[in-house]
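For the record, the sequence lines run as chains U and C. When the first sequence is numbered by this note's numbering, its final residue is 490 and no position is left out of the sequence of numbers. When the second sequence is numbered by this note's numbering, its final residue is 267 and no position is left out of the sequence of numbers.
Note that these hints are calculated values from the structure, not bench results. A portion of the hints provided could be inaccurate.
Within a straight-line C-alpha distance of at most 20 angstroms, the following computed SDA-like cross-link-like pairs (lysine to any residue) qualify [what the hints assert, rightly or not]:
1. C:LYS142 <-> U:THR156
2. U:LYS422 <-> U:ALA401
3. U:LYS478 <-> U:ILE443
4. U:LYS422 <-> U:PRO439
5. C:LYS142 <-> U:TYR209
6. C:LYS142 <-> U:ILE85
7. C:LYS142 <-> U:ARG259
8. U:LYS422 <-> U:ASP357
9. U:LYS432 <-> U:ASP343
10. C:LYS142 <-> C:GLY152
11. C:LYS211 <-> C:GLY199
12. U:LYS292 <-> C:LYS142
13. C:LYS142 <-> U:TYR287
14. U:LYS478 <-> U:TYR488
15. C:LYS211 <-> C:VAL161
16. C:LYS142 <-> U:PHE203
17. U:LYS422 <-> U:ILE443
18. C:LYS142 <-> U:ASP157
19. C:LYS142 <-> U:LEU260
20. U:LYS393 <-> U:VAL467
21. C:LYS142 <-> U:SER294
22. U:LYS438 <-> U:GLU471
23. U:LYS393 <-> U:PRO428
24. C:LYS142 <-> U:LEU262
25. C:LYS142 <-> U:TYR256
26. C:LYS142 <-> U:TRP201
27. C:LYS142 <-> U:TRP158
28. C:LYS142 <-> U:ASN206
29. C:LYS142 <-> U:PHE211
30. U:LYS292 <-> C:ASN141
31. C:LYS142 <-> U:ASN257
32. U:LYS393 <-> U:LYS478
33. C:LYS205 <-> C:ALA121
34. U:LYS438 <-> U:PRO341
35. C:LYS142 <-> U:GLY204
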Amino acid sequence: MLTRVKQLFVCVGLFFVLQFGLSPDAQAVPAFVRQTGMNCNSCHIGTHDIVPNFTRTGRLFAMRGYQVPYIRERLRAEGDTGNNNEQSKYGGDYVALNWTDFFSARLLSEVARGGEDASGKSLDVKSSPINRLSLFFTGAITDWLGVWTELGYLGNNSMRSVTPDRQNEQTGVNFFAYDEYRLNASWDFGKNSFYGFSIGNEHPNVGGQFQYPLPLPDLWSNGQGGVGRSMDMANLSAFMFYNDRLYLQVAGVTGADNTNWSDGNNFYANVSYDWFRKTSNDLWLIGEYYGGTDFPSIMTRQKDSFLCPGVCPPGVTDQNFSISNSPGDVIVNAPVERVEDFDSFRLSLEHSAADRGAHTWYAAMTFLTMTQNFESGAKVEDTQVGAYLRYFYERTYGVEVFVRDHLKYEYTTPAGLKRDTYTKPNYGITLLWYPAMNFDFWLRFTPRVQNIVFEDERELYNDKASSYVLGMEYNF
Amino acid sequence: MSQATASEVDAAGYYELRCATCHGAEGEGTRNKSPSLGPPLRGNPFVINAPVEMLTRLIRHGRGGQQRAYDDAYPNMPAFDAGLVPDAAGLATYLKTVLQQKETASDNSNPAPRPPNEDVVAPQGAAIRSGEGLVAPRYTDRAGKDEMQATIGIPVFR
Chain U
15 MLTRVKQLFV
25 CVGLFFVLQF
35 GLSPDAQAVP
45 AFVRQTGMNC
55 NSCHIGTHDI
65 VPNFTRTGRL
75 FAMRGYQVPY
85 IRERLRAEGD
95 TGNNNEQSKY
105 GGDYVALNWT
115 DFFSARLLSE
125 VARGGEDASG
135 KSLDVKSSPI
145 NRLSLFFTGA
155 ITDWLGVWTE
165 LGYLGNNSMR
175 SVTPDRQNEQ
185 TGVNFFAYDE
195 YRLNASWDFG
205 KNSFYGFSIG
215 NEHPNVGGQF
225 QYPLPLPDLW
235 SNGQGGVGRS
245 MDMANLSAFM
255 FYNDRLYLQV
265 AGVTGADNTN
275 WSDGNNFYAN
285 VSYDWFRKTS
295 NDLWLIGEYY
305 GGTDFPSIMT
315 RQKDSFLCPG
325 VCPPGVTDQN
335 FSISNSPGDV
345 IVNAPVERVE
355 DFDSFRLSLE
365 HSAADRGAHT
375 WYAAMTFLTM
385 TQNFESGAKV
395 EDTQVGAYLR
405 YFYERTYGVE
415 VFVRDHLKYE
425 YTTPAGLKRD
435 TYTKPNYGIT
445 LLWYPAMNFD
455 FWLRFTPRVQ
465 NIVFEDEREL
475 YNDKASSYVL
485 GMEYNF
Chain C
110 MSQATASEVD
120 AAGYYELRCA
130 TCHGAEGEGT
140 RNKSPSLGPP
150 LRGNPFVINA
160 PVEMLTRLIR
170 HGRGGQQRAY
180 DDAYPNMPAF
190 DAGLVPDAAG
200 LATYLKTVLQ
210 QKETASDNSN
220 PAPRPPNEDV
230 VAPQGAAIRS
240 GEGLVAPRYT
250 DRAGKDEMQA
260 TIGIPVFR
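For reference, chain C alone in the conformation it holds in the complex (with noise of 0.2 angstroms):
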């Protein structure tokens, strides 16, 4: 078994503290619980495929209006600043990491339900700063149109 690293663990904490009560205490989502309040983080391929910089970004601004391009049976998600999530990448890392891995070693014959609408998972303009291949969305009015806008969590909404 290895050792996990102090980040490792302070992200697990923050993940607990700050992600679990919407995505779940293992990324499950809670589609299946009233209010439904965030998808499923893990198994999810927006969360696999995207860069650290970019799920950091998403951690830190949000996502809400015209980019709460998910299923949107979920509210906005708010915005986490330093404050309340102090190592934001470390957190990003521990999404894509560990969390991910979570889906092994936790419950092999049931894994995390994927989002019902995988290329919608991407924010908008998510193909343009990621360079990763990734679809931007299809229902948003502004995905990929301004490149000068910061494409994660901006949120349009006030």
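Just chain U, same shape as in the assembly (with noise of 0.2 angstroms):
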């Protein structure tokens, strides 16, 4: 035990050396300036992880196909440079950056992280080198036309063995790759209006980002390309936004147990509606619905479909993997199903509040519900609500707090029988800390790391375990 608070204190007191021995004037060139000549906090309440945290204009940025802003020059066919007005001879601009500028990338390293494991027992403090590294370009391709695309690996995943025999131990390979890509057209109509399609391999709704925080109550997951370790999708969508305020978007989706269309797919539809407009006061209503035939089941770890493709090895099972394409939250023992039909819906509301005097901010709640019918004649019902904040102090200190928790989760059998579920309440608080605009370290705590039972399994409940990762963020 004492071990363990020193471990803490070395932790935290590395934070705050760090944070006096670093110059707060630092400035660093982000990668996203390469490539648009904006700067971070144009589009994003801090760029921690992987969430995405608009300001109204980094929201309106995504949804508009990533076209504008853009103040970067753009090679015209003749081969000269510049937004001249020249007509050109062959199908438009390209993006006329330099191969560097292409690219960017994002570095994650956990410096140290632990904690204690379901049964009460510390864990070992461990360092990560790198835990995600990904390349990125997003921007306009010519006027009417842009792309979002990402190349990520994640290293040093919980990833577990799947040789026969060692299943408990790590890899040491961890590693795992993905792409995804969304490309949006989009053109002007009247005034503070727009219309246009696009076509992606994650779910519809990041073309308004409308899924993160991740935090939040997620029964969708956004895919992760084609390889991805939640789920293989490709949608097309089409969308408007009309007078500034009202967003409607529909998109139909392969599925999300495969990227067939043939065996089923999914239908997506957006309302959306943003009240003050203004970059310190932006709140959106975000209602949404998605529902098909194509979707795994929510309560049930499943196989990974990069690293056990077909039948796994002898002994191996879907329990092995810890990281799976299931959406929602495994409930202990619960029976494989196969899903036949699914609906859900999401209310969610979402303010950001940029560079308001000092301070700055991104808040969201969201209700989710999703209904579930199986093949089997069994069905899950699941509906969650969460709160989630994220806070910074002239850019630079910042805190984030979220909770989750299920309001109802029951799983009814093909004979009839409801199985109500036991859990409670999941939350978590990271502290934040900018020395520059595209670097960050980041002191976690997640307090209750709890597992989900059926009533009926009352003794299976631990939520014993809890943890804690001191890390660094840094966006070149």
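From the two separate chains plus the hints, produce the assembled complex.
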């Protein structure tokens, strides 16, 4: 116990030593500047981890198809640069950036992590030199076409070996890569209005980034491309933004189990309204529907199709994979079911306030419910609520908190027997420090890591596990 | 017709390259587009009245965070270093002269819309440095308080 406390003090001490040891005036050129000419704070409220936490500008940048703001050169077909009004001869502008500008990278590294496992046993303090590294390009291709694309690498996951009898060991490879993209065409019509179409290999609501922040209830997941650890999907989407306030979107999705359109597919719709429409005061009410016939069970861990695409080696079961494509919260001892059809609704309220004096924040509340009917005749209903806040003082010192809970999580057997579940709220807090706009340290506490059990198997419940992480992130 | 000087040609090119996306091809702003990215510069009293040096510093350092004192339907203005805009003073002069004349040349009947709150268009501390009688914004905490601080375009955010 004493060792663990010492370790924690070392981490906190390191945090403050670094804080005063580095110049708070340090400025660095963010990657995105090279691509669009803008700076991170124009679109994001903090760049920590993968959460966009958009300002109004950032949200509309994504909605509008990554075309504006864009103040860099574009190469004309004739070979000269500049936003001149001459008509190009061959197919319009190219994105004219240096080779190095095309590719930006994100480095996340955990300096230390530890805590307790589910049995209350102290975990070793570990470090992960590279946790995530990704290359991406985002920006305009022509005046009406834009793209967001990322090639990602995740290292040092807690992925377990698939070798029989060694399933409790780390693989040593710990490799996971993915690619994802969104290609988006849009045009103005009237005052403060535009419409467009997009294709991509993620969930379609990333077009408005209405799915984030991640700690909020999310049963859909964003896919992460063709070989993602989450789900494989592709989508075709049509959208419209009217009078600077009303956003409408409909999309067809291949499904979450596979990328085949023929064996079932899903439908997505979004109706959103923006109230105050200011950089310092932007409030969105977002209503979403997602339903169809191709989706994995939310209550059972699914086999990772990348590591174990066919039949797993003898002795290996789906439960051996800590990374899976299960979009929901796994219920202990839940039976494996195949989804016949599903419906889900999500209602969110998201507020962003950028540079309101010294204060900047992003706050969100979400209500999400999903019902899945299984081929066996069984069904499951999951209703969740969550709240999230990311706050910064002078865009430098930040805190991030979330809480999330199941209001109802009930499985009905094929015979009609209802099995309720037992769980408690999850919550966490992260301290953030940005010595530069694209460089941050974080210290995250997750006081409760719990499992979810059936009410009639209450003895299996465990919420003793907790964790902390001290990490560093650099976007360049 | 007067012959345009080389610097004016360069400034016009750099305006089109760096400024037009947010401030409109003829300085009319993008308030009527989504996303709205920048206020009108044509007819803007701050652009017209501020010294070239002040505009030059604004171009060089950008304008954001608590200095984003104008209508905050817009995002922070990024900084443009010498690599992006080699002749910031020339561009500033262009904004004050050629761009303003476009109002007459292009459309007399439809002048550029004025910023919604004209006394909020000057960045914080502008009155101290300019000596031009510009009014410091009403909604910034630090307006005019710190004379030692460079007043134009030093973002208080990172």
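Against the structure, the hints come out as follows:
no., hint, result
1, C:LYS142 <-> U:THR156, "holds (18 angstroms)"
2, U:LYS422 <-> U:ALA401, "holds (17 angstroms)"
3, U:LYS478 <-> U:ILE443, "holds (17 angstroms)"
4, U:LYS422 <-> U:PRO439, "holds (12 angstroms)"
5, C:LYS142 <-> U:TYR209, "holds (12 angstroms)"
6, C:LYS142 <-> U:ILE85, "holds (16 angstroms)"
7, C:LYS142 <-> U:ARG259, "holds (12 angstroms)"
8, U:LYS422 <-> U:ASP357, "holds (15 angstroms)"
9, U:LYS432 <-> U:ASP343, "holds (18 angstroms)"
10, C:LYS142 <-> C:GLY152, "holds (19 angstroms)"
11, C:LYS211 <-> C:GLY199, "holds (17 angstroms)"
12, U:LYS292 <-> C:LYS142, "holds (14 angstroms)"
13, C:LYS142 <-> U:TYR287, "holds (17 angstroms)"
14, U:LYS478 <-> U:TYR488, "violated (32 angstroms)"
15, C:LYS211 <-> C:VAL161, "holds (19 angstroms)"
16, C:LYS142 <-> U:PHE203, "holds (9 angstroms)"
17, U:LYS422 <-> U:ILE443, "violated (24 angstroms)"
18, C:LYS142 <-> U:ASP157, "holds (14 angstroms)"
19, C:LYS142 <-> U:LEU260, "holds (14 angstroms)"
20, U:LYS393 <-> U:VAL467, "holds (17 angstroms)"
21, C:LYS142 <-> U:SER294, "holds (18 angstroms)"
22, U:LYS438 <-> U:GLU471, "holds (15 angstroms)"
23, U:LYS393 <-> U:PRO428, "holds (8 angstroms)"
24, C:LYS142 <-> U:LEU262, "holds (17 angstroms)"
25, C:LYS142 <-> U:TYR256, "holds (11 angstroms)"
26, C:LYS142 <-> U:TRP201, "holds (11 angstroms)"
27, C:LYS142 <-> U:TRP158, "holds (14 angstroms)"
28, C:LYS142 <-> U:ASN206, "holds (4 angstroms)"
29, C:LYS142 <-> U:PHE211, "holds (18 angstroms)"
30, U:LYS292 <-> C:ASN141, "holds (14 angstroms)"
31, C:LYS142 <-> U:ASN257, "holds (9 angstroms)"
32, U:LYS393 <-> U:LYS478, "violated (30 angstroms)"
33, C:LYS205 <-> C:ALA121, "holds (12 angstroms)"
34, U:LYS438 <-> U:PRO341, "holds (19 angstroms)"
35, C:LYS142 <-> U:GLY204, "holds (9 angstroms)"
Hint compliance for this structure: hints 14, 17, 32 are not met, and every other hint is.
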